[in-house]
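Hey, can you work out the whole structure from these sequences and the hints?
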Amino acid sequence: MAKTPWKLHPDRALPAEPTQRTIAREIYESVAALPIVSMHGHIDAGFIRRNDAFGDPAELFIIPDHYLVRMLVSQGYRHEDLGVRPLDGDSSYETDHRLIWRRFCENWKLFRGTPTRYWMEHELALVFGITDEPSAATADAIYDQLSAALATPEYRIRSLFDRFNIEILSTTDAPDSDLAEHAALAAEGWGERVVPTFRPDGIFYPDRAGWRAAVRALAARNGSDITDYASFLVAVQERRLAFVAAGARATDHGHLTADTTPLSAADAQRIFAQALVGPVDAATGEAFAANMLFESARMSVEDGLVMQLHPGVQRDHSDAIATAFGPDNGFDIPLPVDYTRGLQPLLNAFGLDPRFRIILFTIDETVYSRELAPIAGAYPSVRLGAPWWFLDSPGGMARFRELVTETAGFYNTSGFVDDTRAFASIPARHDLARRIDAGYLAGLVAEHRLTLDEATETAVDLAYTLPLTAYARRDTAAAGAAATIPAPGERAAL
Amino acid sequence: MAKTPWKLHPDRALPAEPTQRTIAREIYESVAALPIVSMHGHIDAGFIRRNDAFGDPAELFIIPDHYLVRMLVSQGYRHEDLGVRPLDGDSSYETDHRLIWRRFCENWKLFRGTPTRYWMEHELALVFGITDEPSAATADAIYDQLSAALATPEYRIRSLFDRFNIEILSTTDAPDSDLAEHAALAAEGWGERVVPTFRPDGIFYPDRAGWRAAVRALAARNGSDITDYASFLVAVQERRLAFVAAGARATDHGHLTADTTPLSAADAQRIFAQALVGPVDAATGEAFAANMLFESARMSVEDGLVMQLHPGVQRDHSDAIATAFGPDNGFDIPLPVDYTRGLQPLLNAFGLDPRFRIILFTIDETVYSRELAPIAGAYPSVRLGAPWWFLDSPGGMARFRELVTETAGFYNTSGFVDDTRAFASIPARHDLARRIDAGYLAGLVAEHRLTLDEATETAVDLAYTLPLTAYARRDTAAAGAAATIPAPGERAAL
Amino acid sequence: MAKTPWKLHPDRALPAEPTQRTIAREIYESVAALPIVSMHGHIDAGFIRRNDAFGDPAELFIIPDHYLVRMLVSQGYRHEDLGVRPLDGDSSYETDHRLIWRRFCENWKLFRGTPTRYWMEHELALVFGITDEPSAATADAIYDQLSAALATPEYRIRSLFDRFNIEILSTTDAPDSDLAEHAALAAEGWGERVVPTFRPDGIFYPDRAGWRAAVRALAARNGSDITDYASFLVAVQERRLAFVAAGARATDHGHLTADTTPLSAADAQRIFAQALVGPVDAATGEAFAANMLFESARMSVEDGLVMQLHPGVQRDHSDAIATAFGPDNGFDIPLPVDYTRGLQPLLNAFGLDPRFRIILFTIDETVYSRELAPIAGAYPSVRLGAPWWFLDSPGGMARFRELVTETAGFYNTSGFVDDTRAFASIPARHDLARRIDAGYLAGLVAEHRLTLDEATETAVDLAYTLPLTAYARRDTAAAGAAATIPAPGERAAL
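Chain order of the listed sequences is C, V and Z. Its first residue numbered 28, the first sequence is counted upward by one per residue in the working numbering. Its first residue numbered 28, the second sequence is counted upward by one per residue in the working numbering. Its first residue numbered 28, the third sequence is counted upward by one per residue in the working numbering.
If you're looking for bench data, these hints aren't it; they were derived computationally from the structure. Accuracy of the hints is not assured; some may be wrong.
To be verified - Here chain V is said to cover these stretches of chain C; the calculated rule only asks that three of the stretch's residues, wherever they fall, bring their Cβ under 8 Å from a Cβ of chain V:
1) 186-199
2) 211-223
As the list claims (entries may be wrong) - Label pairs and their calculated CB-CB ranges:
3) 499(Z) x 122(V): 55 to 61 Å
4) 80(Z) x 45(C): 48 to 54 Å
5) 189(C) x 159(Z): 43 to 49 Å
6) 86(Z) x 504(C): 49 to 55 Å
7) 36(C) x 80(Z): 56 to 62 Å
8) 122(V) x 257(Z): 44 to 50 Å
9) 117(Z) x 375(C): 19 to 25 Å
10) 258(Z) x 301(C): 50 to 56 Å
From the three backbone atoms N, C-alpha and C, an ideal C-beta is built for every residue, glycine too.
Here it is in structure tokens:
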């Protein structure tokens, strides 16, 4: 990566206290250049396959970034003012992208203290070589510089993929995806670099508007009739195997709660049949979705796909925003989650099975020390994902280590997972995570609770080794026979 | 403010680490002398108008301070021992105020590590020039010194108002207040310095003992008959307008929960009619109160009063204390609050309206990162109030910034709000807040995440600009037309 | 205690920042050698009376330690692999203790950042004089060194009792315990050093499997018939008095929730009668248990036993582990607890009574600032116990002070309570607590919020004075007459 231009300080986001900073810098230097393992993200495989250009600065940085848009909206701009296109196709919205960029630059102060500020500084300075701070005065010049860069081949996604040193990147894909883009990438030798992830939320909530269409799409893609719950399960299973064949490591589940209570086959069939012909209420939909988490775990035991669970967000908190602009527009608000009771059915059934792996994410920090760390510190199938969404921030990541490590250790966590739809921010996010983990480890060294060698080894594991091992598809031949369990030491070291 | 006597260290409550302390001191120095904006408090307007004396040291510092009383009670004193008068008028209680003062001084160690300790040190040393630490040995001498000072005109409230450099102070007033004291103050030219706040809790909970009397008082003051829900709403609206005319910026709502679900007019009328003639149960009362939060927001859109919400405290946890001494005696205990679901009806209806402003307070820290910061970081109407009550403390304020800033930034917070009934503690509280914010900002500078200039500008905004702008009565002509929304940059800068 | 061998740094677990470390070291030095007051633990009195040997290293350190076992299980070992004997008596399990020890040493890295690491380092280095770090290479040599030491009289429990400078240790005992071991210890002059604690959970949950047997055992031990709720209460009362006679200071209650709602005598009798003859459901069992907390408080007012409450853990989260190995095998997962509403019935009845004392523990950190500190900062009967279980860790203890002190002060906490079944870890745990409290106090000194003298006095109180006073059996003659309440100053100073 290029030398630091602008004013990015080499010690940014490392501890301020000199003793710890010196140690943290040494730890950070041992991980700064490691390849990026990006096991959970929202980049479109087709975009990579086609090696598309990123568009102009507003298209790259602002319009699709719900972090940025929501902050500007929180201070009085409307989505339309920032170029977000209303769904109705009728209403007007700002199409002057230079003006949108200017609005962002003029409001640079709003991002003080936020991770967006850190990421943007990193991207502007280190990815694009911008030497000025965004402001009303500099907005146009920066826009021009960015536009010029974005027009060159060096700023196409595949060039950045190499420049960013991304070893592997997972996409997120609907069950009815034909995976054709992944196949095309594989044909070009990119099959180990870009892998799909099976994300079935759309077919798991029968109370939601698009459910019937999603089930029909699933049937169509699978080439099977889905007439009842049994044929639905078979189709899900078959699509999972198609994903496995396409290189998938994992499934991903974004549920409202962590409930995993299974239904009897009869109850599941009854709900399924009812939903095929008419509406079901939200509680029924949630019960079916909980059952499908349980079923997904059962399938993971059979096909080895690592299960990811992201519960606890009330999507589309504002009806007006959802109606006008659709989902993912910055108005998703977290809720408390009950992991201890919610996960008990699933963990009781599969939690000790060596063929099973589940990675848990949360946006509710109160469960770190109370529920998640004790669960991950006991069940061998459980790993804790990186701090998610709003918590993917300097303080958020530091608190995760503080609240989780003492009970779960480092080796029951997944290492860093970026979960972004903003490709150009990937190195910034990984860099920040490596700095924060280096700072946390430096604190342990400075307090004489860890040696520097141990801290450095741990930092490498968190940045690189653990994401690879946590997301390695499980060996389903392991089958519970004790002799076939890899020794923990091996697994942790891989 | 006078030079530091006693042992108050100029760097008290700034970060211990030398790099950060140096930066923090520089930031603090740029805000230390700013005027005090005190937009939420419990000082009596009549007290200011009459320019009353504060009484003796026990009357000023101990008997009315529920922080102090509860701590001494928690270690074995009874309220009576501390001069709190039982409601029955019969029971005896300590009337020797010198003895009460001595009890406090003898137990000075109990306050170690508490904000009471910080405030008292500041008040004794900087407001009263006391040079000794409270103890059994010094109690009497300090009592005499304080008594002598309190007998002078310099220690009347208006002199202190000037000396404390209070630019504006909001009182808290019942809907049936005649606002005569505010009018008298205005006639003396103090109308911009002392403004009322509309606090209607007493008329919003029809299950509570005093409700019918409060509604009657409202009708009497408004000069209108209140015979049903419709005439009740009209009276509320008219009193709000009277408050607006008297200079009010805001309303204040201290509810048990954050529920804002509106009732149908028929249901509201049914409950109202029932409550006029007989008891309603707590759940019904809570449903009516939730409806009135919704109605209050609707009224705010019309009259521009900023809405403040303080939910989540179980008042009068001890029946014995409540029965013997009445409310506000240190036995109010917080509860978890559900802001995400509770506020959804209100925010769905008014949250995007540029005429609306709501400031949210909490005493439940678990919602900072999970609910409040995401809500304030999206809805343009929402600002987060300062850490409230028990959390108005060095650690409480630091955690607020740590848990809120990364998602909501600084500019979706209200700046400091002191919420005190102890007039002499106002400068101490603002001073402490300025130190803690300076320390937090210094950490960002030391970690190279903010420049010193940015940090200093932010500190000034938090101490002075943001409280003024957050509590500015809304321009109700803004009416939702995009063109009339002030640009966020302007708004943030005032 | 011996000079530090190995690599234990004298400043371990003190703050990294030099200013604070210097102060912390000075504070720590004033408490490091204080006697150990261990008021809550799980050491068997018979083990002490017989002065048993501890067995081999795996028997001492691994097999019975659910912290250690769960961490190794979380990375793929089975309980059997670690020598935990299955209940069925049939299944095989590892009996090669040297191999078990090796498995632990090979996986030393898993414990990085955990309190287990701190405790083990302290025990190996300072108790046993081991000079090598555990690893695959050193496992056998350490095993031999430990075995040799454990065979000597110096490593019998009574020698270690003296060497550890344990002034008093509480055991935990079932209501039907004959207390014969305590009597025998008393006969040897150890009556003030080893005292029993009354732990009646087994007879409070009538929905649980062993309840009828436990009630029968209670009746048998008490020599009374238990035919109904009334005779049950009498038997409980009488056993408590037997514990008082044997030197008990306290009772201990490990409940699922903090509910303390009393039942009418008729309801309690109805449940009791039903449970004697058949099953009751979990909700009924929980209601009865809540009632028994209320009754226990009433009894404490009469006999002066300090009440301890540890709620909020879902025991035996994994059915498979519970079925195979029984309770206390690392699969207990915390839950949120509602103290504010749960404790209200009990505190309303007894919370202001000077004859009553309750010590509250939590494993749910979210209640520290929201519920526990406000409760302890008001009710004179309440003290807050030390951070419990997973939270008995450097960060856990630091967060306790940060979140509790500003509202409750230091003197409404119990000082350190170790709650361990691992005797050899007692000094490590107390040493760590003393370091963390020294660090917290040093921060207050460095921020000029406390003088060094005050901090040092507070550290001594937290390490030594407060556990003794918090667990002193209450004077039941105090009887609520104000004149007989000891002045708080006296009580705090004792």
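Hints, one by one, checked against the model:
no. : hint                        : verdict
1   : 186-199                     : violated (count 0)
2   : 211-223                     : violated (count 0)
3   : 499(Z) x 122(V): 55 to 61 Å : violated (33 Å)
4   : 80(Z) x 45(C): 48 to 54 Å   : holds (49 Å)
5   : 189(C) x 159(Z): 43 to 49 Å : holds (46 Å)
6   : 86(Z) x 504(C): 49 to 55 Å  : violated (35 Å)
7   : 36(C) x 80(Z): 56 to 62 Å   : holds (59 Å)
8   : 122(V) x 257(Z): 44 to 50 Å : holds (47 Å)
9   : 117(Z) x 375(C): 19 to 25 Å : holds (23 Å)
10  : 258(Z) x 301(C): 50 to 56 Å : holds (54 Å)
The structure shown violates the earlier hints numbered 1, 2, 3 and 6.
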